[in-house]
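Go by the hints and put chains B and C onto chain A.
As they're listed, the protein sequences go chains A, B and C.
The C-terminal residue of the first sequence carries number 276 in this note's numbering, and the numbering is unbroken.
The C-terminal residue of the second sequence carries number 324 in this note's numbering, and the numbering is unbroken.
The C-terminal residue of the third sequence carries number 590 in this note's numbering, and the numbering is unbroken.
Since the hints were made in silico from the structure, they are not lab data.
Computed footprint of chain C on chain A, listed as stretches where at least three residues anywhere in the stretch have a Cβ under 8 angstroms from a Cβ of chain C: (1) 104–113; (2) 129–136; (3) 260–270.
With a Cα cut of at most 16 angstroms, we get these calculated EDC-like pairs of lysine to aspartate or glutamate: (4) A:K69 - C:D185; (5) C:K336 - C:D382; (6) A:K158 - A:E143; (7) C:K548 - C:E344; (8) B:K234 - B:D313; (9) C:K191 - A:D129; (10) C:K336 - C:E549; (11) C:K548 - C:E364; (12) C:K191 - A:D99; (13) C:K567 - C:E554; (14) A:K69 - A:D109; (15) C:K548 - A:D194.
Virtual Cβ for every residue (Gly too), placed ideally from N, Cα, C.
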Amino acid sequence: MSRETADGAASEQAVPERPAVEVDGLGVVLGSGTARTEALRGVSFTIPYSRSVGLVGESGSGKSTLAKVLAGLVPIDTGRVVIGGERFSAGTSRRRRDPGLLQLIPQDPFSSLSPRRTAGQALAEAMDPLRADARRHRSAIEEWFERVELPASAAAKYPHEFSGGQRQRIAIARALCTRPRIVVADEITSALDLSVQVEVLELLAQLRAELGLTMLFISHDLAVVRHVSDEVAVLRSGELREFGAVEQIFTAPRDEYTSRLLDSVPGAPGFRIRD
Amino acid sequence: MNAITTRPWPAFLLRKAAELLLAMVALVVITFAIAHLIPGDAARVVAGVDATAEQVEDTRARLGLDRPLAAQFWDYLSGVLTADLGESFRTGQPVSEVIANRLPFTASIALFGIALTLGVSLALGLAVAGLTRGNRNPWLDSAFGWATGVVLALPVYVIGAVLIVVFAVNWGVLPAAGADSLYSYVLPTIAIALGPIASMSRLVRREAAVVLEQDYMRTARGRRISTFRQYAKHAVPNLLASTLTLSGLILAGMIGGAIIIESVFAWPGLGRAVVDSIIERDYPMTRGIILTVGAVAVALNTAIDIILALVDPRTLRAGKVLA
Amino acid sequence: MSAIPPIQPEEVPAAAARRSRRPGPMLAIGLALMGSLVLVAVLAPVLLDADAVGLTDDRRQGASGEHLLGTDEFGRDLFARALVATRLTLVLTVSATAISVVLGVAVGLLVWMLSPRVRNLVLTANAVAVAFPALVMALVIAAILGPGAMSATLAVGIAGIPAFVRLSATMAAPIMVRDYVSTAKLLNVPRPVILVRHVLPNLGEALLVLSANSFAVTLTELSGLSFIGLGVQNPDYDFGRLLADGLPNTYTQPIQIVGPSVMLVLTGVAAMFIGDGLAARSNPRLRRLVRGRRSGMLHRADELSQEMAAAHREQGGAAGAAALRVRGLKVATAQGRELVRGVSFDVAPGEILGLVGESGSGKSLTAMSAAGLVPDGVDATAAEVTTVGHDLLGPVRSGDLARDVALIYQDPVSTFNPALRLENQLTEVARVHQGMNRRAARRALAAEFRRLHISEPDSRGRQHPHELSGGMLQRAMIASALLTDAKLIIADEPTTALDVTVQAEVLRQFVAASGSLGAAVLFISHDLGVVEALCDRVLVMKEGEVVEELTREQLARGEVKHPYTRSLLAAAQYMEPSAEEANE
Chain A
2 MSRETADGAA SEQAVPERPA VEVDGLGVVL GSGTARTEAL RGVSFTIPYS
52 RSVGLVGESG SGKSTLAKVL AGLVPIDTGR VVIGGERFSA GTSRRRRDPG
102 LLQLIPQDPF SSLSPRRTAG QALAEAMDPL RADARRHRSA IEEWFERVEL
152 PASAAAKYPH EFSGGQRQRI AIARALCTRP RIVVADEITS ALDLSVQVEV
202 LELLAQLRAE LGLTMLFISH DLAVVRHVSD EVAVLRSGEL REFGAVEQIF
252 TAPRDEYTSR LLDSVPGAPG FRIRD
Chain B
2 MNAITTRPWP AFLLRKAAEL LLAMVALVVI TFAIAHLIPG DAARVVAGVD
52 ATAEQVEDTR ARLGLDRPLA AQFWDYLSGV LTADLGESFR TGQPVSEVIA
102 NRLPFTASIA LFGIALTLGV SLALGLAVAG LTRGNRNPWL DSAFGWATGV
152 VLALPVYVIG AVLIVVFAVN WGVLPAAGAD SLYSYVLPTI AIALGPIASM
202 SRLVRREAAV VLEQDYMRTA RGRRISTFRQ YAKHAVPNLL ASTLTLSGLI
252 LAGMIGGAII IESVFAWPGL GRAVVDSIIE RDYPMTRGII LTVGAVAVAL
302 NTAIDIILAL VDPRTLRAGK VLA
Chain C
7 MSAIPPIQPE EVPAAAARRS RRPGPMLAIG LALMGSLVLV AVLAPVLLDA
57 DAVGLTDDRR QGASGEHLLG TDEFGRDLFA RALVATRLTL VLTVSATAIS
107 VVLGVAVGLL VWMLSPRVRN LVLTANAVAV AFPALVMALV IAAILGPGAM
157 SATLAVGIAG IPAFVRLSAT MAAPIMVRDY VSTAKLLNVP RPVILVRHVL
207 PNLGEALLVL SANSFAVTLT ELSGLSFIGL GVQNPDYDFG RLLADGLPNT
257 YTQPIQIVGP SVMLVLTGVA AMFIGDGLAA RSNPRLRRLV RGRRSGMLHR
307 ADELSQEMAA AHREQGGAAG AAALRVRGLK VATAQGRELV RGVSFDVAPG
357 EILGLVGESG SGKSLTAMSA AGLVPDGVDA TAAEVTTVGH DLLGPVRSGD
407 LARDVALIYQ DPVSTFNPAL RLENQLTEVA RVHQGMNRRA ARRALAAEFR
457 RLHISEPDSR GRQHPHELSG GMLQRAMIAS ALLTDAKLII ADEPTTALDV
507 TVQAEVLRQF VAASGSLGAA VLFISHDLGV VEALCDRVLV MKEGEVVEEL
557 TREQLARGEV KHPYTRSLLA AAQYMEPSAE EANE
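If we strip away everything but chain A, and leave its shape as in the complex, we get:
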């Protein structure tokens, strides 16, 4: 995957020195007064280019907060985050970001698209934030629809005319069409039926191979994460419990919580509910 740098010369990313994403001692506090909670505490890990990291955690683990921090929607309190070479820390975390840096695919297929704008307009907004004219970018839009296996006629339809799985495809297209360096997928399969989940995951795997995506895939579902990740991070109550290669995590977890998590998945060898 090549990108043009500011001085107009194309540069290959065959041997990157820095990882795509570096999270270093990240701490985030949410709420105020009596409702203050430490959503994240001392979290550190990296995502190399063209690799996919799966982030697993249950509710209250802080995984959504982490996604929002990367997207710049939640401010950093301690530590720092480096995305594509750009540093963000407390005080600078809210500054304007280059949309080409990082894009987010949201969880809820029903609220990720504005009900009053067509699918084509949704993509147009990503390509051209200010004017968002679907007609201007029609060919690019159609190309992307093809990539996510939707018909070109989808561009003129409204979100309510699509199924949940189809809306996720549109959301994926919208996130990827700006060619961001990093993609964060926030629980994108959680609200879908099992068979539809499989379809979306297979699409994502395909796109990953095709575009050499760098991805952070967030989910509460271990099985899903296993499919799409090279490395896995396990989060609990705001702390990173374990980080390692996907196979190691699943076959020889080092942390006690990770083991418990694995044993709780129905169908796993350690899953026992009858004595």
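This is chains B and C only, laid out in the frame that chain A set:
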């Protein structure tokens, strides 16, 4: 990540007290500012178009407008805190005395009206919602909508006038003016309550329909308890919570209704007094009455908030302004 | 969450098209009425002015052919006056409404460009302003500017701004946290553009309705000000002014108030009907559905007579008292769409039967109907539904039924009544149907809490649902089932909304508890893994039908016959290659 406060009430009451104080301060400042925001020369406006220069200066001195602004405000503020609201320009009577005489009349009408409105609206709205649930009795739904729609469109003074014509003039059963007996309360109370009843019973009906759709009502049904118990014990508490939040506007508006209805029924309350004072440019009177009425309205809203918190403990922690 | 599946995507455009072509009766009447009023406003002053202001000698006349509403003390025609006043009234009301709406919405949306702290400050101050009666605020402005039509219009218009600020800010709030807005922020779309492109269109319909209602209220307030003397001044006149003129004559010539009263009412009604009509259109739930039979009930199937049904039961009775017997259950919407097509099954005492399917399979509807709890909007019929000796198609003794059949629902947060304390709701069946007194019930509940490992069991009951986590709430619901010694527990996806580790724990306790009770369980889920670990037998449902029945062993060994079950299993295994690894 469940950070639950174990003692939410002190913080809540503190917040309410702060809001009350803020509102009162705003009221004092606004009422003070009335005389100062008049376009042109306030003293001349009050004294009249054909007053001599001497009379204008005299008025200016009486209004206190010749003193520095801060001193004027301090005079006013200290007066408010000691319940001294100045004297009427027209009669020289102390404003607080006039208000003390007239406030009970306005307040009593408003209170009766509010009680009537709450009682009838809750019963009517809940009944209609229950009877039309699941698209039963669709005719009732239409009839209710049309009837309340028409009543809502009737201004309070029209209702008052019609009531007078029917009950006082034609049938001669109830008094049309003055506040002499308990019977005098009947027509004005009905007049100011009718519109809010229509408005609030619609609100109750809408909220009740939402409440009845909730999962916890299905849970209650699953416990096979009587319909009455389902409604009374499970629906009403939630209904009160959502209704009270929105009813504040309606109920506070009844104060406005009470003020207007006094012109129709020659009711010796604050309404007529404040209107006359505005026409006559009797600023101390205007200021004093608006301050009082505003204070009552804000106090009423605070009371509603507290009742709401008693009914639905979740609102205790909602520091946000947006519901 | 309703068990009724949402409308399929392809149906919505048709419904939308139907909607936009036919305005409801309310909207039509409102528009027609307002149209006529506008016509009157335009034409009346041109045609009737002479009659309206001309002083004649026909004073205080009653209604007649020449003067439809009589004349006033100056000999002016009252009917003409009422009609001519329309223009001034409408112009002033529209202006005041415009001030309120435009400025209110502008501020309400612009606060969303501020930082949260400043925004909260502004909105708190605004809330205080909203608390003031609009009339009082109008009086303040009238006091400053003096009486007059202009000042009254400004007064009412400005007094209406805080309400619209609050309304638009509140309505914009959920939109601002929607994912499509977050995405737009990520794309660096400037805030003002976000507000115009995303927020405003989604508010449009609601704002229109509110504006129509605001028009009606403004009309009343403005005319009210004129009525008490602070608005339109002589020689101009609007409806309020005319009323003020007429009121002193109520005893001698009551007809004087008829004209302005009727006009006021008509104008207000027109605005209200437009508002309501628009509101009805934008909310499809409010539209009339086909009037079918009274929905939400479980009926005996028409094809079977009472005798045949009894014969059915006889046969079943011989096979041993099943905890639940369902024969030929059909559930359909009022329009006739079939959601469950003739399902039959048994649950033996002490058995755990799983009902598995994806969304739209009808599994929840089947379970709920089997419990006799058919949701509104659908119709259920069956040849037989008997549970623990109760025939649900006939009259039931609700007390016994509530005791014998316990229900556990999917979403713990919405299943509990937020306004009631836990022990109040959870002991309801025990207290109401089994006559347990409050203290005994409280102790019994605490004991069950302890059994299910809920922390602080003695004081939990006094708490409200929002103080507990999802896992604890589900355990509390199970505790409630244990309290009544239920013989059949129907659990509708009880652990779907829970975290994985919590789910495992809750399932463990559920198995233990129902085992000790000896209760039969009907367990609904979409997760094959859970069902395989938990259930003795499994029924697979697809689009309203049972397509396969399996035992646990068969499922574990993968001995499935139906292609749909096969595809479900394949999808599950796609997710868990550990199964393959285990087979290496």
